[in-house]
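Visitor: Next come the chains, spelled out residue by residue.
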Amino acid sequence: MNIIETTGLAGNYWTTEFSQGWRTEVVHDVTLAVPAGSVFALLGANGAGKTTTIKLMMNLLAPTQGEARVLGVDSRQLGPREYSKIGYISENQKLPDWMSVRQLLDYCRPFYPTWDAALEKKLLAQFDLPPARKLKQLSRGMRMKARLLSSLAYRPTLLVLDEPFSGLDPLVRDEFVRGVLEVSELGDWSVFISSHDIEEVERLCDWIGVLDIGRMQFVESTESLLGRFRRIEISLAGGAARLGALPQDWLEPEQQGERVRFIASRYERDATERACCEQFPAAAVQAFPMTLREIYVVLARANRSKAKGAAA
Amino acid sequence: MNLTWHIFKKDFRRLRLPALAWLLLLAAQVIVSERLLSVRSADLNWFLLTGTLFNLLEAVGLVVSYILVAFLVLDDPLVGTEMFWVTRPISGACLLGAKLIAIGLMLGFVPVLVWLPWWLYCGWGWGDIVHSTLRVLCVQTIAVAPALVIATLTNQIARFLLYSLLLLMLAWVGLLNLLTHWQEFPASLVETRLWMAAGLFLVCGAVVIGKQFLTRRLPPSVAILACGGTLAAAAAFWWPWDLTRIWQSDQKPMSGTERVSARIVQASFEAAKGNLVVECLLMGLPEDSISASGIADVELRWPDGTRFRQDHLKLSVRLGENKSLQHALMLQPVEEDSETNKHREEMAREFKRRALEIDWWKRRTSRAPGTGFDEAIVSATLVISQPIATRIKAEPPACSVWARITLRRPELLLELPLREDVQQSGKGMRMHVVQLKPEKRKPTKYGMVGKSLTVTVVYEQAPDVTEMHFFQVDRGDGNAAILSGSSAMSAFPISGKIVGAWMDITPPQLWRTDKWVDRPGWLESTTLSAVAYRESGGFNREIHTDRLVVQEPETGE
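Sequences listed follow chains A and B, in order. Oh and the first sequence: position 246 is 246 in the numbering used here, straight run, nothing missing. Each number in the numbering used here corresponds to the 1-based position in the second sequence with 1000 added.
Just chain A, with the same shape it has in the complex (with noise of 0.2 Å):
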């Protein structure tokens, strides 16, 4: 079962330049799927339309095509039923600055039939949060924590992350980080979180979505996109050689002398080897693994490349 399922998801914000006929589409034809129990990274880089899509997917803005169901309803349906099961927290989300911690926990509390005040108080702590000051007295970091423990107390079935840990230091995001691991390994919780932070994410999610200029490039699971992606390295053993045609999804082809490097981004052992061998008779290949980091970057120049000589 998904717990968030989009098809051809298409939304747009209103403007005020005319030339652009008062609105800008950012999200153009996202379909994605997040199984139940998952952690889904949705990855792009600034500006991508990753804010938007979130959006699209908690009805705080209506879709302009297609459709999306979180939690099994109609996004534009969804109500106090389902965001009683839905933990959203977002850098932008304004908090009401004027309540101490205690005060924002007193006041979310009784929205939640499913609120555990053993939670609670385990995550006060751990977060070590003060709570009696203030909201707008507390650090950024300090904010973020106090969003997620008043999303995380009530056992969310969905948690929807939106650039967790912009602006963070590695201290607190790697509280963050931590006391989302261990919450959700409390219960079968599902977790969609959007970033450009690759290596926090890296620890959290099954699954990934890359997204770019507005436009979903793949989703698959962390598990396959990490073994189909390997650093080829090939030693020529007869000097160097004249690079021919090569394979379309060897990515960013280089040559050094004796060493060519390229990326096999449909990395299959033997097939890979064989293929290596067909063209390189007679070097030694040796496949490095990749971290989710410098595959995403892979992606993103190959796309890029794409696009211009499409534009050209």
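If you're looking for bench data, these hints aren't it; they were derived computationally from the structure. Positions of the beta carbon are idealized from the N, C-alpha and C atoms, including for glycine. Treat each hint with caution, since some may be false.
Said to hold, decoys possible - Distance condition first, Cα-Cα at most 25 Å in a straight line; then the derived SDA-like pairs of lysine to any residue:
{"no.": "1", "chain 1": "A", "residue 1": "Lys121", "chain 2": "A", "residue 2": "Leu158"}
{"no.": "2", "chain 1": "A", "residue 1": "Lys85", "chain 2": "B", "residue 2": "Pro1520"}
{"no.": "3", "chain 1": "A", "residue 1": "Lys85", "chain 2": "B", "residue 2": "Leu1168"}
{"no.": "4", "chain 1": "A", "residue 1": "Lys134", "chain 2": "B", "residue 2": "Pro1520"}
{"no.": "5", "chain 1": "B", "residue 1": "Lys1009", "chain 2": "A", "residue 2": "Gln137"}
{"no.": "6", "chain 1": "A", "residue 1": "Lys136", "chain 2": "B", "residue 2": "Leu1074"}
{"no.": "7", "chain 1": "A", "residue 1": "Lys94", "chain 2": "B", "residue 2": "Gly1210"}
{"no.": "8", "chain 1": "B", "residue 1": "Lys1010", "chain 2": "A", "residue 2": "Tyr112"}
{"no.": "9", "chain 1": "B", "residue 1": "Lys1211", "chain 2": "A", "residue 2": "Gly79"}
{"no.": "10", "chain 1": "B", "residue 1": "Lys1342", "chain 2": "B", "residue 2": "Leu1202"}
{"no.": "11", "chain 1": "B", "residue 1": "Lys1211", "chain 2": "A", "residue 2": "Glu82"}
{"no.": "12", "chain 1": "B", "residue 1": "Lys1010", "chain 2": "A", "residue 2": "Ser100"}
{"no.": "13", "chain 1": "A", "residue 1": "Lys85", "chain 2": "B", "residue 2": "Thr1081"}
{"no.": "14", "chain 1": "A", "residue 1": "Lys85", "chain 2": "B", "residue 2": "Asn1002"}
{"no.": "15", "chain 1": "B", "residue 1": "Lys1009", "chain 2": "A", "residue 2": "Arg133"}
{"no.": "16", "chain 1": "B", "residue 1": "Lys1010", "chain 2": "A", "residue 2": "Asn92"}
Stated by the list, open to error - Restraint-style ranges between C-beta atoms, simulated for each label pair:
{"no.": "17", "chain 1": "A", "residue 1": "Asp206", "chain 2": "B", "residue 2": "Phe1109", "range": "54 to 60 Å"}
{"no.": "18", "chain 1": "A", "residue 1": "Ser139", "chain 2": "B", "residue 2": "Trp1172", "range": "43 to 49 Å"}
{"no.": "19", "chain 1": "A", "residue 1": "Ala118", "chain 2": "B", "residue 2": "Val1207", "range": "42 to 48 Å"}
{"no.": "20", "chain 1": "A", "residue 1": "Glu67", "chain 2": "B", "residue 2": "Leu1024", "range": "51 to 57 Å"}
{"no.": "21", "chain 1": "B", "residue 1": "Phe1109", "chain 2": "A", "residue 2": "Thr64", "range": "42 to 48 Å"}
{"no.": "22", "chain 1": "B", "residue 1": "Ala1171", "chain 2": "A", "residue 2": "Glu67", "range": "38 to 44 Å"}
{"no.": "23", "chain 1": "A", "residue 1": "Arg76", "chain 2": "B", "residue 2": "Val1207", "range": "19 to 25 Å"}
{"no.": "24", "chain 1": "A", "residue 1": "Ser139", "chain 2": "B", "residue 2": "Phe1109", "range": "51 to 57 Å"}
{"no.": "25", "chain 1": "A", "residue 1": "Arg304", "chain 2": "B", "residue 2": "Ala1198", "range": "27 to 33 Å"}
{"no.": "26", "chain 1": "A", "residue 1": "Leu95", "chain 2": "B", "residue 2": "Thr1215", "range": "20 to 26 Å"}
{"no.": "27", "chain 1": "A", "residue 1": "Asp106", "chain 2": "B", "residue 2": "Phe1109", "range": "21 to 27 Å"}
Model the placement of chain B on the given structure of chain A, informed by the hints.
Guide: Same frame as chain A, now just chain B:
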């Protein structure tokens, strides 16, 4: 409901300081009211300053109400995508309920609660209190409704203030335009148009508020408001049908009015505007009432079938001398002093010889010349065009008037002795005689010239006392004279009004051994009486004439 109450408590905690300031402002108004009714008001400058301060406090109170509503709504804004509440399990209906409870309690209930002890102190009955409560709620609604509409369409206080300013300017320009063309239409049609415009704005505002709280889709809400505003403006300027007859139904005949007869006595053109004034004489009015106002439909007909008709014209009334006041004050006429009467008759003969005319009774209620004690003249003014006026002059038409007359009965509210620093409450009024100031007088052959006393009175008056006069009542000789205030300044509490009045008291005089003297003991037997003229009923009459001859306007030559 629990969650609604929970949100309300959050809002109250959030706005507790502004709410406290609002409460203090209300308390300050009550304290200033109390000071206005004190003996310090004998000082005209002090009363003026304090009255101005009171009006200022009230105006500030309305502005504070307006801003408080904005703060209340904008604490959980309905526009944007970054609000805290919107991804929490809070329904729009629940939020709307909480906001309405907060507005109702803070801006409706609290003012009534603060004013209630004052109203009781002023001697208001439950009817007055209910009336005042409704008035307070109505004024607060007028202040709050636009704020609520605008606040639901914004997410920042700065934008709220900007849009409020724009709305104020639009309303101002619209009203100025309306007032410019006011005279071109019958008052009842203008009244209908204003009601229609206000009604449309309120309905459309309510729809926008509901829609914003329930769906938070800004473009449709703005479109609805724009349509509503356009419709309201169109109704204010071009609504064609007069609907006032729906709520101004025919009077149910009051007993005792069956014998009232009516006839058209005169018609004339107003010198300045050329409007046609039709005057009717009412005869046989009940003794205990006066006809104070009325509405009429007037139709002119020519033999060729042409008709000219105007409906719901306000009637102006001139009264004949009338005995209702004697009934209300239970005055028993006492036989007048023979020596004085004899002297007055001599004086009258002398004046007649000198072709002078002096009305000895001008202290009494003014009356229309030539009308008896049970008579009144009512006049309707028709707005007519030049061609119609020319035709009326050339060819006098038949005229029919369907008049709905309202009667009022005088009622004694309070009667205080003429002494300094006496005060009394009751029947919707609190009155305080704060000063009696003797004035210089000069004896002449014809009487004492100049006033004897200036009495300074401050009073608080309930809103349903729409017409009230002071009388100098002499229980010794059974006379009552209406008093005119030489100056009267008002402070306007929303629920009533506080007035300071400075009135001249003239003692009754007797002719004794070749000179005029004040009647001995007059001050002890004279009281200051506040008399309200309350609506007591009415009647309808159809009045016809076959030939309406119009007098030419006086040119003043």
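Visitor: Against each hint, give a clear statement of whether it holds in the structure.
Guide: How the hints compare with the structure:
no., hint, result
1, A/Lys121 to A/Leu158, "holds (21 Å)"
2, A/Lys85 to B/Pro1520, "violated (92 Å)"
3, A/Lys85 to B/Leu1168, "violated (44 Å)"
4, A/Lys134 to B/Pro1520, "violated (79 Å)"
5, B/Lys1009 to A/Gln137, "holds (23 Å)"
6, A/Lys136 to B/Leu1074, "holds (17 Å)"
7, A/Lys94 to B/Gly1210, "holds (23 Å)"
8, B/Lys1010 to A/Tyr112, "holds (16 Å)"
9, B/Lys1211 to A/Gly79, "holds (15 Å)"
10, B/Lys1342 to B/Leu1202, "violated (68 Å)"
11, B/Lys1211 to A/Glu82, "holds (21 Å)"
12, B/Lys1010 to A/Ser100, "holds (12 Å)"
13, A/Lys85 to B/Thr1081, "holds (19 Å)"
14, A/Lys85 to B/Asn1002, "holds (20 Å)"
15, B/Lys1009 to A/Arg133, "holds (20 Å)"
16, B/Lys1010 to A/Asn92, "holds (22 Å)"
17, A/Asp206 to B/Phe1109: 54 to 60 Å, "holds (55 Å)"
18, A/Ser139 to B/Trp1172: 43 to 49 Å, "holds (48 Å)"
19, A/Ala118 to B/Val1207: 42 to 48 Å, "holds (46 Å)"
20, A/Glu67 to B/Leu1024: 51 to 57 Å, "holds (53 Å)"
21, B/Phe1109 to A/Thr64: 42 to 48 Å, "holds (45 Å)"
22, B/Ala1171 to A/Glu67: 38 to 44 Å, "holds (43 Å)"
23, A/Arg76 to B/Val1207: 19 to 25 Å, "holds (20 Å)"
24, A/Ser139 to B/Phe1109: 51 to 57 Å, "violated (41 Å)"
25, A/Arg304 to B/Ala1198: 27 to 33 Å, "violated (60 Å)"
26, A/Leu95 to B/Thr1215: 20 to 26 Å, "holds (24 Å)"
27, A/Asp106 to B/Phe1109: 21 to 27 Å, "holds (26 Å)"
In this structure, the hints that do not hold are numbers 2, 3, 4, 10, 24 and 25, in rising order.
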